[in-house]
Every structure is written in C-alpha cells, then in structure tokens.
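Undergrad: Each protein sequence line maps, in turn, to chains A, B, C and D. The first sequence begins at 3 in our numbering and counts up one residue at a time. The second sequence begins at -1 in our numbering and counts up one residue at a time. The third sequence begins at 4 in our numbering and counts up one residue at a time. The fourth sequence begins at 6 in our numbering and counts up one residue at a time.
In short, the hints are calculated from the structure, not lab data. It is possible that some hints are incorrect.
Over 12 Å on every C-beta distance to chain A, these chain B residues come out as not near it, computed from the model [said to hold, decoys possible]:
#1 1
#2 11
#3 18
#4 52
#5 68
#6 83
#7 84
#8 86
#9 90
#10 93
To give a feel for the contact side, a few chain D residues facing chain A, derived at Cβ under 10 Å [as the list claims (entries may be wrong)]:
#11 20
#12 24
#13 27
#14 225
#15 290
#16 301
#17 403
#18 409
#19 427
#20 435
#21 439
#22 477
#23 478
#24 481
Note that the Cβ used here is the ideal one computed from N, Cα and C, for glycine as well.
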Amino acid sequence: MENSMNHLQDIPFTPLAYMAMAVLLLPLLSFVVLAILPQRWKRPAIALGILFSAINVLLGSYLFSQIWEAEAVHARTQWFSLSLLDKEGPTFTAGILLGNLSVLMVMVVTVVAFLVHLFSLAYMASDKGIKRYYAFLGLFTFAMLGIVLSDNLMLIFCFWELVGLSSYLLIGFWYQKDTAVAAGKKAFLANRIGDLGFLMGLMIFWAYFGTLDLEVLHAFQKEGNWPTGELWLTVAGIGIFFGAVGKSAQFPLQVWLPDAMEGPTPVSALIHAATMVAAGVFLLARVFLLLEVDVLTFIAYTGAITAFMGAIAALYQQDIKKVLAFSTISQLGYMVMGMGVGAYGASLFHLLTHAAFKACLFLSAGAIIHVLHGLEKKLGEDGIYIDPQDMRSMGGLRRYLPTVFITYILSAFALIGLPLFSGFLSKDALLTGAALWGMEQGGAAYLVPLLAFITVALTAYYMGRQLLLVFFGTSRMAPDSDKVAAVWQQSQPLPWTMKLPLWVLALGSTAFVFSLNPVDATHSWVLQGLYATLNSANPLSIGYKQQMSIVAQGHHYHTFISLISVGLAIIGLYLSYRRYGAKKNPSKGQLVEGERAAPFLAKLSLNNWYLDTIYDKVFVRTVLFKSKTLQNFEVRVLDRFIDIFAVSQVVLAHAVSIFDRWVVDGGVNVTAYAVGLVGKWSRSIQGGKVQSYFLWVLMGVVLIVLFFLF
Amino acid sequence: MIPIEHFVLLSAALLCIGLLIVIIKKNAIVVLMGIELILNASNINLVAFARYDPSIQGQLFTLFVIIVAAAEAAVALAIVVRVYSYFKSSDLDRIKELKG
Amino acid sequence: MELYLFYVFAALALVSALVIIFTKNVLYAAFALVLTLLCIAAVYVYAMAPFIAVIQIIVYIGGVLVLMIFGMMLTNRLSNKSLLTEHHYIPQGLVLTTALFVLIYKALSGVNFSGLSWMKEGFAPAEDNIQQIGVYLMSDYILPFEVAAVLLLSALIGALVLSQRKERYP
Amino acid sequence: MKHIDIESLGLKLERILTYGQYILPEFLLVSGILVALLLALLPAEKNRYLSSAIVLLVLVAVAVLYGFQWVDTYRTGVKSLLGMLRLHTAAVTLKLLFTLTTAAVVLLSLRLSSLRQYVGEYLVLLLTALLGAVLMVMSSNLLMTYLSIEMVSIASYALTGFAFTKKSAEGGLKYILFGAVASGLMLYGMSLHYGLTGSLELGFRAVSEGELLLSFGSILMLGGFLFKLAAVPFHVWAPDVYEAAPTPVTAFFSIVPKIAGMAVLVTYTRIFLEVDMLLLSGQETVRTLLATLAILSLLLGNFSAIWQSDPKRLLAYSGIAHSGFLLAGIAAFSHLGIKSLLFYAVIYAIMNLAAFALLHWAEYRYGIRRIEDFKGLSQKAPFGSLLLLVVMVALTGLPPTAGFTAKLFVFMSLWDAYGQTGESILLWLLVFALVNTLIALFYYLKIPYFVYFKPMKDNGQAQEKPLSSLHMAVMVLVLFLLMLFFKPEWLMDFFNNASFVF
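Looking at chain A on its own, in the form it has when it is part of the complex:
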C-alpha cells in the first residue's frame, strides 16, 4: 500500500472553489492592508477591515447555501513534489474541501469574526494599538479559515501553527502587561506540546499511506483498505488527539486558557469561544472515521474528565471572564467526550450552539467590563477603587444595563441547557450519546455519562451564581446607593456597534434557529446535515457504528435523559439561589470573607485543581532548590578553592545567574527553564580560553575514534 497514492491527480477549481479561496484570502488581505497602511490612516484602514469581514459573511453565506445538503466540492492542485532520478517521489498537494462540515464552520468563523470586528470598534476605541489589533484579527481569521477549508492534514497543520502564532499575538496584545505576555507564552507553549503529538500522528499516517489528503485517506477507509488494530495507527490517533488537546484546552494542557483571558475581551469571544478552541474538535471530526477504538475510548474519558474539572474550577471564580473561561473548558470537554462516544453529530452541533452562546456571553461580559472600566476612573476620583472584572464589586446591573442583562440571561440559559434554548438541544444529544455508550460498554465506562450529568448541575450552579452576583441584588460598587446612582448617571450608553452583535448572538442562543421542535433535536436541520457527511463511510468504522447506534436508539431514551438533565439543571440553579439569592444579597465584604474561609472544594476550584502549582512543583522547584544549595556552596567554599575548582566555578556561576534570572522574571516558562539549564552547561564549553577548545576537540576526536573504531 505504501506510496501507492503518491500521485494525486489535480482536481480543477470550480467557481465555488474559487469563491472559497476568496473567503480564505480576504482576511489575509485585510491583515496586509492594515499592516501596511500608516498609522495616520488608521480610521479608513479599520473601516476597510470591517468591510472585508462583512463581505466575507456574505460570501460565506452564499457558499453555505450552495453546499449545504448538496454535493461536496473538492479542488486540488499540486503543491510541490520531490521527484527522484530513478522513481517518482512523493507529491504534496494543496486544495479546498467544501462539504457540510466545512461550510458550517465557515459560517461560524465568518459571522463571529464579523461581530467581533464590529464590537471591538467601541471596545478598543481608546487603545493606541487598534490598527495592530485589527490586523491581528484578520490574520487570525485567515488562519482559522485555512484549517476549516484545507483538504489535507499537512495544510491543516500549517494553518494550525499559524493559528497558534496569531493567537499568541492577540493574547499578548497588551504587551505592556507582564501577565499578558506570560499568558501569551503559556498558550503558545501548551499548544506546541500538543502540536508535537499532531506532527507525530501525521508522520505515521504518511509512513503508512504516503498521503495526507483527507479524501484519499477516507477512500482507504471506505474501500476497506484501512488496516485495523495496528498499534502505530492507534499511536497516530492519540498523537492527533494530542494536537486537539492542546488547542481545545483539554486535560492536562488546559492551564493556558484561563490565563489567556489577559487578552482583550472580544478576542476571547472570537478565540476562546467560537473558533480556535473549536479547532481541536473540528480536527477530531475531520479524522473521526479514521480513529481506532482505543483512541475513541481515550478521547471519551479525557473529555469527560475535562468537562468535570472545568466545571469545578468555574464554581468559585471571582473574575467574570475566568468563570466563562473555565466554563469553556468544561463545554469543550463535552464536545471532545461526544467525539469519543461516537456522538459525532451532537458534538459538532454543540460546537455550533456553544459558539453562539459563549461568544454572546463573552461579548456581554466585554460590554460590562467596558462600561465599568469607564466608571473606574470616575470612582477613583472619589477614592473608591473597583476592579472592573471582579464580580464581587458588581451586583444589580440589570437596572443599568438592560440590554446586556437580557442577552446575558438568554445565552446563560442556553449554556445551562434549559428547554427552548439551543444549548438544551445539543447538550441533550450529547448526553444521550454518552449514556448509550456507557450502557454499551458497561463497567467503568459509566463514569463518562456520570461525570457528564454531574457537570450539568455544576454548570447550572456557577452560571446561576454569576447571574445573581452580576445582575441581581444591589450594587456593591460603592458604600451608599445614592453614590452609585450618581455615578451611573454619568456613564455612556452602549453604542449600537456593541448592541447589534449582542442581539444577533442572543437570537442564536434560542432553539428555534436550529430546530422546529424546540425540545427535540433529532430532526433538526443541523444534525441531519452533519449525519449526511458520514454517509459514504465504511460501515465497519468504529466511529460510524457508534454514531449509527445512537441514531437508531437515541429516541428511546431521549425523554428520560432530557428530564434528568433539566432536573439537574434546576437543582443547580436552586442551590446557587440558596447561596447567592436576592434575599441574601451578600455584601462585598461577606463575599471576600466567605472565600477566605473557603472549604476545600472552593480552594480547589479557585486554584484550578492546583494544576499550575503541581507543574510548578514538579518541574521548577526541584531545579530551584538545587541552584540555591549551589549558591551557598559557592559562598562558603569557593573563595578558598577558587583555583582548584576552576571548572566547577564556571558551572556554579551559571547556576547562580540562572537563579537570579528565575527570581527576577518569575514568569519564565517551566520548559524553557529546564531546557535552559542544559544550555547553560553546553555553552560552558565555551570558556573563552582557546586552549580549552583544543582540549574539547581532541577529546571529541579521541572519543569518536574509540567509539567507532575500537
């Protein structure tokens, strides 16, 4: 089989394929234009950027209308080839694959990107770097669309890297803040670790099949040429999944996402709700039919564990964005779990609904932060200090920001999964899949649906808590209510560029958009369209079998499962009402006090399961300790034996300078550090004395001769 498919024929570009190219390249054009135009033309440049993204929505919609439930379009051209003298070498192709899956994602990306473009206009208005910001948005959109539209894994990997880079730029956008820079680095690194797995998976696929073209790989699977039960293919599947783990913030690499909230809030809506984090799930969907059974099981467990951990971590956060960040981790866990249990359609459906309601939540939070940020200065003049992101200083906002209140509550209900909202439909489908899978596998597999159901209640609890703390009760901003009212008098009303995106996304959080029957998604157009993408699969594929069994049996359990999930959600809401409800209306002081004496669970939650601490301890502290003892050693002993221990002195001096560096910039990355330690040693060869160089060289020669000749 090896190298049999090296020579892929070109597939000519149709008008639709050219249009898809246009959709892909327009954001890049926007990036280039914004990067090149000088600072003094920033207004027209930004207008141009927004215009481009609006055009992109129109083009995307047209593509969607033409492709959805119609024939898929594939166009391909030779990218480069390596031909050898005696035989034809491998050929790399590049192309566009337009199917139901990709056009759906195109819609999500272009619409959310456009709304974020619009929303940012007011949000970033006072920022000096606004032109750079819009340029990065364009670059990011381009990369994301590239992932969605590519027809082979190699190309996907290239765009995948570009997404990593551009998100790094966006998260670290406020480079004046050290925390933002550190967060950007962290995101980048976590992603790189995942990418290494991805790359390994690609290489194994290449080694087996000599191609990375998705259609060709699927053809192998369809024609039954797919070797099953091969260890290396399992490794490849896990490797690719690791790529998804990095991008979609799954356990154990989820630590980067909460920190990434350092970026501007509209960016969080784009990157951390709708697009980049969804790329992992999208990748899993792309290779869904190619995954081995062990890989799927592994995915299911990872997803369920992440969903649960994320929900726990969201319970006691005080930062309005942090709650949403952990909630995103938790919901992504759902989607990944869905892929693992074979609920392919439901998982993607949840991706779609989540994109809408989570983007709405982030943008609403952004609107709140924007307004409070404006007030922060005015209050500061009166000696009152607030943190515009801290929920403990909010409360009663429903009176002052009615629009945001309504959109927030609509999208929060969708997230909780109450009937009539989009989240209900997709979560229900996911839970059904998980429950069926658990029953089929039996034994420990029940853990997966169990965790998924518990997470429903937890989700309701933390969202209820957030709604109550932010919008209900009375304001905790200032000591007396007159003062608060006076301050609010001076606040600017929200511009329409902010309101419009909120309304659009809030509308997208209702169930009617996706299904005529608001309590049952089985016949919704989205799910039907997504199932259609599996039609050509080989019935022997594990994923296909599982999905079909869900389709066949799901409706037997549907009513039962939806009742349980709604019941759990209501319990969660009730519990949060008990603790934070209007009657109690805890004051700022009480909230601060309550968390200081927090029980174990709250501490665990606040610290995100102590993951950062653990990583810190395991990778960093051990090294730190060593440097410290070495330093003592230097002080006491070295003065006397400075000549004798000339060599060790070099090492020690390096260790001490590492220590300084470490303490001074505390945010240096763990891995970078460990790597750096080795680097310190290896450059100590370079002591400066030329004759020590001779020694090294001679040693090298003698060693080589000894190893290779004797």
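Take the given structure of chain A and dock chains B, C and D to it, following the hints.
TA: This is chains B, C and D only, laid out in the frame that chain A set:
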C-alpha cells in the same frame, strides 16, 4: 632502505608532541611552533610514502603544505602582534573576553 | 649505517621537540624548533626527497622561524628578564595526547605496509628528482600552483593590513 | 638526469589549454582580485564606493558566467579537470549561490567603518575567500581540497580582524590557532590516506591492508571538514569568531565557508560510503558517525543558544544547529538527500543573509548590540521589525516560510533513508531533529519578543526612514522565503534531473 614504519611512527610521535605543545603552552608563539610540528609530522608521512609513488604526489603535496604553512605563519604573527597591542600580552590565558 | 643515522636524526628531532615542551624560555624553544626542523630535513633526505629537504631548510628555518623570532621580540617587552612562558592544562593535555598516540600506534601496529597493493609495484625513485618536480608543477599541478600563488598573495595582504600600527577609524 | 618525454608533455599542455575555458569564471575572479589590489592604491576614503562597484561588476559577470556554465553542465554532465577539479551541476549551483552571497556581502559592507581605510584589501580578502570556497566545492583531489580549504581559512582569519577592535583581534587569534590545529589534523588524516591508497585523487582504491588506520585517517580528515562546517566537535570557534568579526563578514562566514564545507563533506562521504571505509566494528558505519555528530550539533547548538545575549553569538549557535541539519541531510545519503541539502543550503543562505542584514541595520542605525536593546523596536521601525519577525520565524522552521519546507525535505530524506537502510540511528536523528525545532523556538523568537512585547527604553531616536534600500533588499529575500514555501518546486525543479556527482 629504511622501513616505512619508522617514518610513520616518528610522525605520529611528532604529531602528539605538537598537540601537547599546542595545549599546554600559554605563549601564543610557542603554540604556533606546536602547529608547525603538527604540519611537519604530516609532511614526513607524505614524503615517506612518496618514495613508492612513481608520480611523487606526496612530495608535491609537501611542497604546497610548506607554502601554506609559511602563509599561515605570516598571518598568525600579524594577528599576534595586533593582539599584543590591545592586551599587552601574548599569553593565551589572558585573552578570553569572548566566551559563553 | 643508513638506518643508524636515521635513528640518530629521528631521536634528535624527538628530543628537541620535547625540549620545546619542557623549557620555559621562549627563545630556547625557538632554537629547539630549529634543531627539530633540521633533523626533519635530514629525515627527508633519507626518504629520497632532497629537494623537499632543501625547501624545508630555506622556507622553514630561513623564513618561518625568523618571522617567529621577530614576533617574539615584538610581543614581549624587552627587559632584563628572559622571555618565559608558563604551562597549563598539563594533566588533561598529557592524557589526551597520550591516548591519541596509543590509538595511532595500535592502528599502525597492525599494518604491514609492504603488503599494500600499490606499494608492491616496487618503485624506487631517482635520487635527484628536481626536474620531475618542476615538470609536474608546470603541467599536472598547474592548478594548485596558481591557487597557491593567489593564496600567498592574499595572505600577505592580510598580514600587511593586520600588522598596521594605527588606524584612523577605530 | 632523467629523460623527459617532450611529446607527451606537449599533449598535456595542449589539454591544459583546452581546459582553460572551464575555469574561465575563476580566472575572472582572480583578475577581480588583482583589480581590487590595484584599487587599494587609490585613497580609500573617497573611492570606496567606486571600488565596491567595480568588484560588484566583476562578481555579477562571474555570476553570469556561472549561469552559462550551469546550462552547460546541465547538458553535458560531469567533467573532470586534470584530476584536480570536477564540474557538475550541484557544484555550479553552489558556486552561483556563493557568488551572489558575496555580492550581497559587498553591498552590506559599504557602511563598515574600516572600509574607509582598507577597502581594496578588504575586497581582495573577500574575493579570495570566495575563490577558495568555489574551488572547495569543485575539488576532487586531496591536495586541491587542502589548498582550497586553507585559502578560505587564511582569508577568513584576516577578515575577522577587520573590525580593528580588541574583540576582533582576539577573535582572529582564536580563529587562526583553532583553524591551524584543525587543518593540521586534517592534513595528518590525508597523509595516512595517501599512504594507504597511494593516490590523492578521489575514488580511492580499496585497500587490502590497514583498514583501521585508513578509518583513523578518514576521521581526522572529517575533522577538517567539520571545522569549516562548524559542527560538533569542531564547532567551538564559531561563536567567538562570529561575535568578533564585523557583521557583514559574519554573514559571509555563516554562509559561504559553511556550505562549502558541506559540499566537501558530501564529496568525501560518497567515497566513504562506496568503499565503506568506516565499516569496521560491527554495524557502525559512516552514517552512524555522521548521524551522531548531527544529533550532537543540534543539541549543542540549540541548547547553548538559549541564554545568549549577543544576537550574533545567538546566530552562531543557531548556525551550529543548522550544521546539524546539514549533517542530517548528508547522513541520509541519497539523491533525495542531496537535493534536499541543496535546497536547505539555498534557503539557509537566504535566511542568514536577511538576518545578518537586519542585525547590521539595527547595529548602525539604532546602535543595537545586545538582544535587550531590541526592546520596542517595533515602534521605531515597524517595517524592519516585521521583516525581522518573518526571518526569525523562517530560521525556526515554521510555516509559512521556506525554512519549514527545507527542514521538511531533510526530514523526508531521512525517513526515506531509514526505510532503505533500516539503520535505527537515522530514526533517532529524525526524532532529535523534530524535538530540536521545538527547542529552537525558545531562542529565535526571543528577538521578536523583545521587538514587539517590550516597551521602548527611550524615545529619543529618530523614526525609521520609510523604506531604505536595505529594507527593499531584505524584503526581496523575505519574499523568496515566502514564495518558496508556496512553490518550492520553482527551486527544486532546477535540481531535478540535474547531474549530481559530488
């Protein structure tokens, strides 16, 4: 005729002595002397082997090596003089500003 | 007789090379090097390469060594003290060079040179091959010859620039 | 007096004269050296632009001749000149690359302060180094290899001192001492080779006796080539010399001698592989040796680069790591491997040229000598910063730059070679190379990190000129980098079906 092994052994010994000089002597010019010894060790080999070669390639090679050695020595001494004017020393131990 | 004379010269070359190691006086080292190179020239004669021996004496002893002694004078403040140099890295250097010698010796000891295929042709060169060398230099070796010329030229230029005393633009 | 066969001598001379046409470009280069020498007589201060322009003209003419030669060799295949040099497509490609690089370096050097005094001498040495490198890639004879390596080396030693500072003098001294020892060891290896095979020409005869000694000689010889390539364990000189030399000269060092060293290594590796001289104790082969050295170079170069604070030093270590990649390509010795090596060499040259040009620009315009000084450069010089970012991304080997493609080709040829020979060391090398691209991120992105994410130190300095000529030139290079990512076959097509002997 003198056996070829003798020549090769002599050259090996000279090579190692040259290397030892290069490593342990601090003075830059003495180090250069060591380098000349290394080159001469190779030359002995080349000349000795050329004895059996009708086209005496080894002898010609040696000729070129001697030319190159002279050129190299000229440049090296120029550099040593220049270094001396900055460091006021030709002690290689003290010439170690570039490192790391 | 020939063999014994060879031994004498070889031993003298080695001993004077060792003197370079042991002496601290740079000037002594230079004179020891003169002796070594002279002995090596003698060894060339025994290897049937008189022309090379002459070149060795002219270029090395007449050129390179004089250059070195000049260098010594230029780079050491001439005071009452004689020019001394110190040693370092002695243990490491000794271990490594000895190891290298032992390895070469081991590799050498297994070789029976007279069994080499190309040597079996049993060629004995003429005592006097200056003419042959000249012809080769101008025919087969014309390319290296020209290359060496360019190399010498640019080496001289480089040495010239670098030994300039002062520069206006530091 | 031995009788001399006049008739055969006449034939020989006639042949030499006919071969003259094949080294016409080199003749032109030599005359360029002489012209530059004459130019040194003019007052340098006033005539440095004139001199540079004349030398540039010569270089362009040489490049054009190489272009013709390329077409010629493409048609006729390999040609041997007097058993000393060999002419083939791969060599001509590299010669062209060297010539163009040198031309760029001449342009880059215009701002060098020492040029005000020594422009002619500088150009002589630069052209000599170029001539040596050109001969290196063509040489097919131990003597020629030795001479050409020494030619590059001696010119380089002198060039290192051209900054006329304390540092550059020190760097020059270290370079010449280290280089002389390395070439001495190489020469010793060559003498053993000659003794055991009785020939200086390539295509060594197999020996019946003393394989061990022959392998010993081969390893010592490799040492000299590794010195030019700046690979472990003969890499130690590189950081000091790169830091000491004037930046344009460093750019030259990081490209021309290194790639020439690669070419020589490839030439000899072929012989080693054919005769299998290093096949001695069990399964150890020349591949194992090269792969081991590649792994070590990758690790050492990348790890040491992490804490560097001098940008030139950082690039020196990165160059050592790149040598590891080149060695990896050599270890995967195949047609695909050679082609990917050539591709890598071209891309490496472009990347390094761009990187050093930008460093040089930052140095003379903003006085930036350390990596910390790059703080906030993006505010002063947005366009230059953007170029710097792309170049660093390319050096790291990330898409969408040809740096990625070049690494990919090397990986592929390694994988291919592993499939054919089944030597597990190649797989290890592949794994190490992959991991090292990850490590490389830490230091390459350090410069863009300072450029973009750290606030400026002071606002005193002038704004960037919108588009200087240097930026335009670097932009062309960067465009090449991007273009060759999307269309690598534009370059690869040149290498396909060409005659490769090496």
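Undergrad: Does each hint hold? Answer for all of them.
TA: Evaluation of the provided hints:
| no. | hint | in the structure |
| --- | --- | --- |
| 1 | 1 | 24 Å, holds |
| 2 | 11 | 16 Å, holds |
| 3 | 18 | 10 Å, violated |
| 4 | 52 | 31 Å, holds |
| 5 | 68 | 22 Å, holds |
| 6 | 83 | 18 Å, holds |
| 7 | 84 | 15 Å, holds |
| 8 | 86 | 18 Å, holds |
| 9 | 90 | 6 Å, violated |
| 10 | 93 | 7 Å, violated |
| 11 | 20 | 31 Å, violated |
| 12 | 24 | 28 Å, violated |
| 13 | 27 | 24 Å, violated |
| 14 | 225 | 7 Å, holds |
| 15 | 290 | 9 Å, holds |
| 16 | 301 | 9 Å, holds |
| 17 | 403 | 6 Å, holds |
| 18 | 409 | 8 Å, holds |
| 19 | 427 | 14 Å, violated |
| 20 | 435 | 8 Å, holds |
| 21 | 439 | 7 Å, holds |
| 22 | 477 | 14 Å, violated |
| 23 | 478 | 18 Å, violated |
| 24 | 481 | 17 Å, violated |
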